[in-house]
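Participant: So the protein lines, in turn, are chains R and F.
The numbering of the first sequence is this note's numbering, which starts it at 1 and goes up by one.
The numbering of the second sequence is this note's numbering, which starts it at 1 and goes up by one.
By construction, these hints were calculated from the structure, which means they are not laboratory data.
Warning: the hint list may mix true and false statements.
Unchecked claim - Derived list of chain R stretches under chain F, where covered just means 3 residues or more per stretch with a C-beta under 8 Å from a C-beta of chain F:
(1) 3–14
(2) 23–33
(3) 48–57
Note that the structure is predicted; figures quoted are calculated from it, not measured.
Here a beta-carbon is modelled for each residue, glycine too, at the ideal position from N, C-alpha and C.
Now for the letters of each chain:
There are 2 protein chains.
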Amino acid sequence: MNATTIGLIAGTLTSVAAIPQVVKTLRTRHARDISIWQPLLLAFGVALWIIYGMLIHDLPLILTNIISLGCNALLTGLKFYYRDDTAS
Amino acid sequence: MNATTIGLIAGTLTSVAAIPQVVKTLRTRHARDISIWQPLLLAFGVALWIIYGMLIHDLPLILTNIISLGCNALLTGLKFYYRDDTAS
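Throw the hints in and build the complete structure from the sequences for me.
Facilitator: Written as structure tokens, this is what we have:
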């Protein structure tokens with residue numbers, strides 16, 4: 001298995017990681033135990049990973065982080081949307 | 001700002017992102033709204049990012065993902081530990 005394949009698998013896992021959290025948050029309509037900082041920092045972080053990937057011409061970094069950026073930006077919004085939970 | 005600097009900032013953000021979640025989970029002793037899949041997939045994903053970083057000799061990828069690996073492995077454990085929550 002070459003480096004690019006491992007990079008693509010790594011990127012796929014870290015990208016899809018936030019999808020079950022988005023689904024769970026939308027389904028339960030609760031975001032009490034989620035720290036706002038995680039999706040917020042991840043959204044900013046993966047945006048920079050995409051820029052870094054462009055600069056070093058690294059395809060796995062660019063493609064896979066786009067999904068993660070979308071999910072974490074959405075989770076940040078959902079945390080605000082469900083902010084009337086008892087334990088914020 | 002060169003590519004390595006951007007990569008280090010990106011890696012720092014995505015690494016420290018899980019720290020506030022670890023702190024919050026330990027403090028509230030609740031992990032109800034957290035999907036087990038996010039920390040689990042992230043732990044496996046960043047472990048592969050570290051291997052990928054080693055293969056392409058990319059220092060930002062290696063160093064920054066080590067913190068993320070520790071945090072997400074811990075969060076996966078905490079989700080199991082606090083599994084007696086009402087909404088798992």
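Participant: For which of the previously enumerated hints does the structure constitute a violation, in increasing order of number?
Facilitator: Violated hints: none; all satisfied.
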